[in-house]
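Protein chains in written order, with my numbering: chain A, 363 to 843; chain B, 13 to 266.
Keep in mind the hints are simulated off the structure, nothing from the lab.
Remember, predicted model here, so these are calculated numbers, not experimental data.
The beta carbon of each residue, even a glycine, is placed where N, CA and C say it ideally should be.
Keep in mind that the hints are not guaranteed to be accurate.
Here are the computed lysine to aspartate or glutamate pairs in the DMTMM-like style, where the Cα-Cα straight-line distance is at most 20 Å [as the list claims (entries may be wrong)]: (1) A:K816 x B:E101; (2) B:K120 x A:E397; (3) A:K761 x A:E640; (4) A:K787 x B:E86; (5) A:K714 x A:D622; (6) A:K787 x B:E101; (7) A:K419 x A:D438; (8) A:K739 x A:E780; (9) B:K120 x B:E90; (10) B:K120 x A:E402; (11) A:K560 x A:E508; (12) A:K560 x A:D622; (13) A:K787 x B:E64; (14) A:K816 x B:E156; (15) B:K120 x B:E86.
Here are some chain B residues the structure puts well away from chain A; computed CB gaps all over 10 Å [unchecked claim]: (16) R22; (17) T35; (18) R62; (19) E66; (20) A88; (21) P103; (22) V105; (23) A108; (24) P125; (25) D128; (26) D144; (27) D207; (28) D221; (29) K251.
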Amino acid sequence: MSTAERTIEELATQDYKYGFVTDVDADTVPRGLNEDTIREISRRKGEPGWLLDWRLKAYRAWLTMEEPTWANVKHDPIDYQDIIYYSAPKPKTALGSLDEVDPEIRRTFEKLGIPIEEQKALAGVAVDAVFDSVSVATTFRTKLAELGIIFCSFSEAVREHPDLVREYLGSVVPHTDNFYAALNSAVFSDGSFAYIPKGVRCPMELSTYFRINAQNTGQFERTLIVADEGAYVSYLEGCTAPMRDENQLHAAVVELVALDRATIKYSTVQNWYPGDKEGRGGIYNFVTKRGHCRGRDSKITWTQVETGSAITWKYPGCILQGDNSVGEFYSVAVTNNLQQADTGTKMIHLGKNTRSTIVSKGISAGRGQNTYRGMVKIGRNAENARNYSQCDSLLIGDKCGAHTFPYIEIKNTSSQMEHEASTSKIGEDQIFYCRQRGLSTEDAVNMIVSGFCKEVFRELPMEFAVEAQKLLGVSLEGSVG
Amino acid sequence: MLDIKNLHARVGGNEILKGIDLTVGAGEVHAIMGPNGSGKSTLAAVLAGRAEYEVTEGSVTYEGRDLLDLDPEERAREGLFLAFQYPVEIPGVNNAYFLKAALNAIRKHRGEPELDAMDFMSLVRERMKILDIDSSLMSRPVNEGFSGGEKKRNEIFQMAVLEPRLAILDETDSGLDIDALKTVAQGVNALRRPDRSTIVVTHYQRLLDYIVPDFVHVLSEGRIVRSGGKELAIELEEKGYGWLEAGEPVGGRA
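Isolated chain A (complex conformation):
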């Protein structure tokens, strides 16, 4: 057995660091899905009639849709009737301040290292912590409110800012968009909402940590971020989930709207339970994320580091409608053991002089399968549109796979599109070189992988970049090519 194989074995036997369960009473609705389930979710959340109608429309659309099968992933059929669609921790008291948060839940977040404490958040992170389906605590609200920034749970936004929610909900990802988006629209339980008013630059990174805790609970989050004219916001999303034997479905929807001259940076570090080394358990992460550069000179940047989940199916995209608008996608996706990822982006150029950049870094180790799937569409009126795509794959070991499916559709003659792709293997040469300088094999692999991901990491906010690098180290610990 070569060092490479040995270390991949070691890596496979690593325990999932975040595999613990928090013991809190949960308020759940019965297993299964029908119109009554949806009515019950809506009733418990005290939603207005228009939202219930929207959910029901989505549900009826979903019934007519088929689960997509085009992705380069394999899994057993999902029994949608065997999922609990709503689970909320029972609050012991009304949650007026952080001190009132259930200590069990707070301990969970502490184990995850989430800076929910105000003093930790002084570092500049406002956290809206989503625990299963209900937002538990939101920090820095007051400070943000002074600037007119709204940052709260989705449910609260529905109550407090119904006009904004009604105007933008489903305006980027319609309830009929795709199978999982329709399902989410029907049953979504909570999520985050942010609105940055005209000309306001959000002074801190907004952050949400999602965590799946209760057993057999599908998590259907919905995030909506609106940056009004000239506004700027950077939003961080981090995810971890405890170890479970059964697969759990996570079908989230994220909608971003950027009006004239607005900028939204959306960064994700996803570290959900990937399943064990035999591929048992793990999260199915089937997510629809889309940004709409609705106004002139607007800009949306997606940065993602995907190290977890048994299956990742997500294509954060940008609709570049406003003239001169810019869409960017920077991605690192890691698959190890039997993890599968089919991820990429869609850049839809509609406006003149629109520009998009795609940098995708896929890392496959163990028996992991990593697919980049991207679409660049340049419409008839998108004169002088430009796209640059770069897809690099790194293989560690010889049992994994990397695949690239770029789709390109250009309908005018003034546009330019560039595509570069590479596949490389971490070479014994590189590792030996590092070891000859005194570095351990593990440090060598981490260093080589970090170097490979550099272009993406530098797009992440500083604090997140450090975390991402650590996560990558944990995910690939010991693996060599």
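On the provided structure of chain A, position chain B as indicated by the hints.
For chain B alone, kept in the frame of chain A given last:
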């Protein structure tokens, strides 16, 4: 310092080293010469611990320890340095970052405190003076986009920072023009110390004009066929390797 006895090694089923005996004392500079395919680079690789090379017989003692029992990184931390014939590129990894990690791994092993960025950079600046190294090289990715000469100079520069006790230069002169050769040799000479030994593996006598060896060994078909002082190198230069062997002359001055 280093004691090699009856060393046999093979790669991919082919026996390359067929019984090497060599003793290197502290502070000595030994040149290993020989035609292509004689086993020079294999010897360097075996000493550094490359996994593809299998030692089938013999022993190597380094500072009283069984060298062959150590992992490559342990050998490095114990002060064995190999200047690669073909330095490897590591895209995206900053040269300074790489070298700092290496230095601190070695310092940690020696029980010395790790250097912080400030101390490291002042050490780097000091060592840069020895070699003609452009400071921009430090912020570039390891060996990526380096010219052949830059790569070789970078190897010697790393050596200057890591301060090994036994340095093995594997054909460091290949692909260098005369100016680069002089700079590299100057760097190596500046690092000569009574407690630091050097093995210079080279095909040509040229490098030995600038790095004057205490001993010269000629390798042929996996064995040392002749050992002598620096004059042996000059003799070789005049007569070619064929002089030492029966049959067809191999190599010599290209």
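For each hint, the structure was consulted:
no., hint, verdict
1, A:K816 x B:E101, "15 Å, holds"
2, B:K120 x A:E397, "64 Å, violated"
3, A:K761 x A:E640, "14 Å, holds"
4, A:K787 x B:E86, "25 Å, violated"
5, A:K714 x A:D622, "14 Å, holds"
6, A:K787 x B:E101, "13 Å, holds"
7, A:K419 x A:D438, "28 Å, violated"
8, A:K739 x A:E780, "13 Å, holds"
9, B:K120 x B:E90, "11 Å, holds"
10, B:K120 x A:E402, "61 Å, violated"
11, A:K560 x A:E508, "14 Å, holds"
12, A:K560 x A:D622, "9 Å, holds"
13, A:K787 x B:E64, "18 Å, holds"
14, A:K816 x B:E156, "14 Å, holds"
15, B:K120 x B:E86, "12 Å, holds"
16, R22, "17 Å, holds"
17, T35, "23 Å, holds"
18, R62, "6 Å, violated"
19, E66, "13 Å, holds"
20, A88, "4 Å, violated"
21, P103, "6 Å, violated"
22, V105, "4 Å, violated"
23, A108, "13 Å, holds"
24, P125, "16 Å, holds"
25, D128, "17 Å, holds"
26, D144, "22 Å, holds"
27, D207, "19 Å, holds"
28, D221, "28 Å, holds"
29, K251, "35 Å, holds"
When each numbered hint is compared with the structure, violations occur for hints 2, 4, 7, 10, 18, 20, 21 and 22.
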